[in-house]
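Participant: Given only the sequences and the hints, what does the whole structure look like? Please build it.
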Amino acid sequence: DTGVSQDPRHKITKRGQNVTFRCDPISEHNRLYWYRQTLGQGPEFLTYFQNEAQLEKSRLLSDRFSAERPKGSFSTLEIQRTEQGDSAMYLCASSLAAVYEQYFGPGTRLTVT
Amino acid sequence: GESVGLHLPTLSVQEGDNSIINCAYSNSASDYFIWYKQESGKGPQFIIDIRSNMDKRQGQRVTVLLNKTVKHLSLQIAATQPGDSAVYFCAQADFNKFYFGSGTKLNVKP
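Going down the list, the sequences are from chains Y and V.
Reminder that position 66 of the first sequence reads as 66 in my numbering, one-by-one numbering, no gaps.
Quick note, my numbering runs 113 ahead of the 1-based positions in the second sequence.
Worth flagging that the hints you see were computed from the coordinates, not collected in a lab.
Virtual Cβ for every residue (Gly too), placed ideally from N, Cα, C.
Taking lysine to aspartate or glutamate pairs in the EDC-like style, the calculated list, with each CA pair at most 20 angstroms apart, reads:
(1) K210(V) to E52(Y)
(2) K210(V) to E101(Y)
(3) K57(Y) to E44(Y)
(4) K218(V) to E44(Y)
(5) K14(Y) to D86(Y)
(6) K169(V) to E101(Y)
(7) K210(V) to E44(Y)
(8) K57(Y) to D207(V)
(9) K210(V) to E68(Y)
(10) K155(V) to E101(Y)
(11) K155(V) to D7(Y)
Pair by pair, the computed Cβ-Cβ distance ranges are:
(12) L61(Y) to K222(V): 34 to 44 angstroms
(13) L39(Y) to E128(V): 25 to 35 angstroms
(14) K14(Y) to Q173(V): 39 to 49 angstroms
(15) S66(Y) to T182(V): 36 to 46 angstroms
(16) G196(V) to L96(Y): 23 to 33 angstroms
(17) A191(V) to R15(Y): 40 to 50 angstroms
Facilitator: Shown next, in the form of structure tokens:
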């Protein structure tokens, strides 16, 4: 296993379009996190899953954002009706439930034009 | 919301010197603190962590100090190397939610 992977690495979309990002965690990790990072800032926590259960989603930025992890393995983050303010790096991380150490993926950079 | 702040946005050190990066946090109930390193174009990389029942923890060339009285966290890097150049973030955990500071950029001068 080579670590957390994210796809795509870059996404350019027009305002109003929907986008979906995928995260594949480290295989034995049952916790998966999504973050957003804007330039010059630290990652901003959005949501996390333990297996397929989404245990925290109050930090999702608006109802245009949703995340799924249907089989407890990979996860998707969808942004509907994108806005220019959604332009950012979207990071995924995974960890073992009993251990806090998170391993981050390389991120998906979203540009909304 | 939570507040995790860093005292200095940029730190320049000479290669071989020790580096100290500081961080203030606001939630005294947090039980876990982490330092991450982020290189350009990459995701954050775990460096070292510390739980609230400790005040010091050492790793390879790195030491984290936690002062709960003043809610302050620091990262010490010994014998700083050019490969240490990156942005460093402190983060605190609160019930499985993680809050990151805005980062300190470390420049290592040869």
